[in-house]
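Residue numbers (the working numbering), protein chains in the order written: chain A, 1 to 408; chain B, 1 to 413; chain C, 1 to 313.
Derived from the structure by calculation, the hints contain no laboratory data.
Do not rely on the hints blindly, as some may be mistaken.
Claimed, not checked - Here's a subset of chain C near chain B, in silico, CB distances under 7 angstroms, partners left out: (1) Leu36; (2) Asn89; (3) Val92; (4) Tyr103; (5) Val104; (6) Leu111; (7) Pro224; (8) Ile282; (9) Pro289; (10) Phe293; (11) Leu296; (12) Val297; (13) Leu300.
As the list claims (entries may be wrong) - Over 12 angstroms on every C-beta distance to chain B, these chain C residues come out as not near it, computed from the model: (14) Leu10; (15) Leu133; (16) Leu159; (17) Lys161; (18) Ala177; (19) Val186; (20) Leu189; (21) Gly192; (22) Asn267.
Unchecked claim - Derived, one-sided and incomplete: chain C residues facing chain B with beta-carbon distance under 8 angstroms: (23) Thr108; (24) Val231; (25) Ile294; (26) Ile301.
Just so we're clear, the structure is a prediction, and the values are computed from it rather than from any experiment.
Glycine included, every Cβ here is placed at the ideal spot set by N, Cα and C.
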Amino acid sequence: MVRPFLKLFAVSLVLLSGLARAADAEPVRFALIDPLTGPMSVVGQPALAQLQFTAERLNRDGGMDGHPIEIVGYDNKINPQESLVQLQKAIDDGIRYIIQGNGSSVGSALLSAINKHNQRNPDDRVLYLNYAAIEPSFTNERCSFWHFRFDSHVDMKMNMLTDWIADNPDVKKVFLINQDYSFGHTVSESAMRMLKKKRPDIEIVGNTFHPLGKVKDFSPYISKIKSSGADVVITGNWGQDINLLIKSAAEYGVDVPFLTYYGSTPGTITQVGDKGVDRVYLIAEYHGDFTDPEIAERQVSLYKEKGWDYYPRVAAMLEMMKKAGDEAGSVDPLAVAKTLEGLEYDAAGGHLTMRAADHQLQMPLYLSVLKDNMKYGAEGTDYNFHQVARFDADQATLPTTCRMRRPD
Amino acid sequence: MNESLSWWRPVAPWAISALVLVTLPLVVAGNGTFSIINVVAINIVFALSYNMLLGQGGMLSFGHAVFFGLGAYGAIHAMNLIGEAGYDGHGFWAFFPVYLLPLVGFACGALAALVVGWPFCRRAGTAFAMITLGLGELVAAGSQMFPTVFGGEAGVFSNRMVGPVWFGLELAQPADVYWFMAFWTLVAVFAMWAFTRTPLGRMSNAVRDNADRLQFIGYPPRNLRFLVFIAAGGFAGLGGGMAAVNYEIVTPESLGLLTSGLALLMAAVGGLAVFYGPMVGAILVTVMNSLLSDYTDASILYVGLVFLAVVMFAPGGLGGGIEQVRLAWRRGDLGAHLPGWLGGALAVLLIALGLVSTIELVYQISHGRDKLARLLGLEPDPASPLVWLGIITLFAAGYGVARVSGRYREARA
Amino acid sequence: MLEVIVFSTLNGLLYGLLLFMLSSGLTLIFSMMGVLNFAHASFYMLGAYFAYALGLHIGFWPALFLAPLLVAVLGAVVERFGLRRVHENGHVAELLFTFGLAYVIDETVHLLWGSIPVSYSAPEALRAPLFSLFGTDYSIYRGVTMMIAILMFVALWFLLKKTRVGLMIRAALTHGAMVGHLGHNVPRLFMGVFAFGCGLAALAGVIGGPLLSTEPGMAQSLGPVVFVVVVVGGMGSLLGAFYASLLIGLVQTFFVALDVSIGDLLNGLGFAVDPYGEVTGITLASIAPMTPFILLVLILIFRPRGLMGELEP
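Construct the entire structure; sequences and hints are all you get.
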């Protein structure tokens with residue numbers, strides 16, 4: 001009976017001494033606070049896999065300013081309150097870089113908690129690296145020196161989507177369907193505002209909100225879309241909600257383009273399959289053509305190793321962190337944050353700039369559509385998103401209202 | 001026992017608890033440990049308030065989180081008011097310390113129970129269970145519709161470092177919050193214990209045991225249930241107020257079925273029939289939840305299995321077990337019972353080990369990773385028959401020990 | 001507008017019938033044993049997963065029959081070795097037992113099949129449109145689902161009212177001890193009913209899995225609604241459960257389909273209110289998921305025996 005405990009003790013000793021040995025190049029640790037279990041783990045696990053995958057490669061290249069990069073996953077079950085518990089755990093474990101992406105509600109809680117932490121502990125600052133919580137206010141009214149966003153926010157993506165619609169004279173009627181929470185409402189408001197400006201002749205024939213993650217049968221919503229006679233549907237749905245929406249649409253023979261923010265949510269392609277071909281559009285930082293052979297090779301080996309697809313912006317985020325650490329000559333959060341401001345980087349999708357004014361990454365965006373028989377399929381299928389249009393970073397950019405307060 | 005020590009007996013548990021609470025910070029260190037302790041404190045109050053309904057009043061509720069959550073929302077809004085009043089220093093809230101927010105939580109919880117409770121308390125049993133389930137789902141779903149009150153998915157957040165500070169008691173770090181938690185837990189536990197000693201507390205036991213008889217002797221059970229319901233709602237709200245100060249955020253999840261289920265889980269695992277049972281349950285379940293989830297993805301499954309095992313094999317819960325041991329010790333025949341009980345514990349341990357190994361191996365097969373096994377320095381190969389033979393041996397040994405010790409216990413009884 | 005009404009009616013009926021399939025088993029169990037089986041929806045989920053797993057090897061149709069059978073056996077085991085054991089500790093203990101069981105089943109499904117939805121779908125032939133109305137397709141599978149549900153209702157009604165077993169079940173409901181004294185094995189009857197009820201839930205899962213989605217959260221999302229059906233329908237009343245299911249199905253679907261807010265309704269009734277206020281701006285669509293629970297609370301307050309029930313729970 002005692003043996004397992006002795007073993008546990010021995011293992012922890014080995015672990016500790018392992019840490020001690022690497023003292024000359026102590027690892028710099030990043031905490032990923034995202035859903036790692038439960039139904040929403042499909043959006044957290046790929047990020048974890050990508051981070052670990054990229055960290056291994058960067059570590060072979062000397063790590064971040066000579067420190068090996070280590071990724072630690074913290075499961076928040078996509079609950080804002082649990083996220084704060086995990087944040088505290090991560091900080092107690094000595095981690096100073098917090099990565100999070102899924103759920104603007106979680107992002108909002110983390111943003112405020114990290115601001116409070118840095119205010120209460122001026123000698124012990126923490127950085128928040130955000131790769132997918134795209135509520136615009138995070139880099140506008142609520143902008144913070146401690147927050148960096150590595151994804152384009154709702155308005156930037158909508159700006160490009162509506163540009164594309166505006167150039168498409170056939171589109172006369174647009175239907176908006178979104179999840180009934182802050183993010184869904186932001187998408188809907190953004191769409192209405194921009195369409196009104198760019199194409200006042202377009203009629204918004206529907207603006208529906210459904211409960212987040214609770215709808216199992218989208219049929220009633222589909223008949224609404226159908227009867228509205230919409231030419232295009234815009235949705236910010238993610239997770240299960242995008243998946244079932246598209247499935248239902250296909251079943252009822254609704255044959256209009258769905259412009260999505262998260263059509264590439266893992267599981268969607270498997271579930272939707274051929275029903276989604278030429279129907280699901282995606283606005284994102286890259287596409288599924290993998291024209292860059294180096295990235296294509298990484299996609300193949302990541303899927304083979306971990307069973308998840310390549311996550312370009314997560315990879316780019318970690319690569320930028322390495323660059324910032326190397327340039328700052330330190331892994332101290334404050335020094336790294338100062339270097340990150342204005343940092344430029346060439347990633348798979350193009351040239352990236354971390355705008356100093358609001359810590360919003362400026363990046364090119366791609367509109368792509370689901371196709372079959374792709375050279376590099378997603379989720380082990382031969383479906384993937386094929387590029388339809390590319391928008392340069394200076395086209396996608398938007399001004400900010402942020403008045404950044406920097407520490408001395 | 002010694003006559004001259006009789007005054008000591010009722011005081012002892014409280015004196016010892018207070019002593020433990022005061023010395024705890026000398027023993028433990030690190031904000032992480034305090035974070036867990038603080039959550040334990042909240043859950044102790046929550047689980048005890050739940051047991052006022054189920055254990056003492058015989059009312060099985062699936063909506064207790066509503067009062068916990070509303071108490072938390074009340075406290076967090078009050079915290080924001082304190083923050084705002086701090087700018088000009090005028091008004092009631094400018095003089096209200098954050099330390100007293102659990103009182104706001106209590107008021108909100110009790111008020112909510114007062115408003116909705118009357119029609120609910122007509123019947124106990126399944127009808128009560130269902131109507132509270134309905135209430136819980138209703139409030140949880142309805143909270144999404146009023147973002148200005150409930151904050152939508154993101155919830156409402158606030159900053160606890162506002163308002164007047166008494167005696168230099170700041171609430172910056174989890175270690176500071178510990179004192180706040182210790183104080184309120186002690187107050188709440190004492191108040192709930194005192195409640196069981198009041199005539200109302202005694203009557204609630206009578207309603208549980210025989211509502212009809214109470215009706216005949218002139219105490220309408222509905223009135224009694226209603227009063228207990230309000231008190232339990234108030235203490236749940238107090239727990240909610242503590243949670244609001246601890247997390248500085250309240251989300252609609254805190255009103256939902258999962259949170260209600262947590263209270264039920266903690267109370268039942270700890271034991272419904274013993275006053276301190278839910279406290280034991282709160283400690284165990286909270287620690288299990290927060291520690292296990294670091295090492296295994298099956299943590300919820302383990303909590304569920306523990307709960308199921310308690311319901312099936314130990315209806316008295318952990319508290320019931322402790323009470324049995326205590327009584328035997330007092331009677332002086334602990335020595336006679338101990339081998340049987342230890343045998344039973346060994347059997348549970350063996351079977352649990354077998355179960356854990358099975359679950360972790362299946363996880364390894366289906367998910368391809370297993371942190372728990374790696375932590376123990378084991379690299380079991382799920383394809384190897386030896387591993388499975390080992391597991392079967394564990395189960396068989398556990399079963400054998402259970403049979404033998406069971407027979408031993410029967411022979412002694 | 002007409003097409004919205006037609007399709008909402010069809011969808012509402014379909015959802016209601018699925019709900020009925022799921023809750024009919026629970027109505028039986030609840031009325032006979034007094035056990036509100038919290039894990040009932042978990043058996044429904046197991047049905048869908050078993051059918052998916054079996055279907056990979058033996059095809060859709062054999063799995064359709066085999067999966068409910070397997071779940072029924074599992075239900076019998078649960079009753080024999082779990083529920084019967086806690087029965088002596090009263091209804092609360094039973095409720096707690098099924099509550100824990102739901103946790104364990106849900107997590108086990110998670111463990112075995114992962115957290116992502118599995119691709120369980122109807123055979124290609126059934127996915128073809130049955131008819132096309134206003135340019136919208138209605139698949140054969142939906143038609144088949146409705147038919148199976150209605151057949152099931154008729155068969156159950158016949159079983160309860162016209163057969164010896166049904167007579168025994170109805171007798172055991174009101175006079176359990178008497179049935180025992182007459183020499184019938186009441187515990188075995190209980191086991192049979194429990195297994196049968198679980199099998200019915202599993203059948204609903206097998207049919208509903210491809211329509212909705214087969215994922216580990218499917219039990220949790222439907223579980224509470226099933227209670228509503230049983231309680232609102234009334235204890236022991238199959239017909240009540242049937243009406244309650246259809247009512248909930250139709251109300252939910254129509255609320256979603258109508259683009260009307262509370263303010264619009266009040267304005268229509270002659271009150272002058274701002275249709276975009278915090279309360280008045282709430283749309284019926286967003287109230288839809290709450291409607292079953294509003295119904296539950298109202299019924300329990302004003303008509304505790306349910307729509308068609310004879311006894312209070």
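Violating hint indices (sorted, rising):
none
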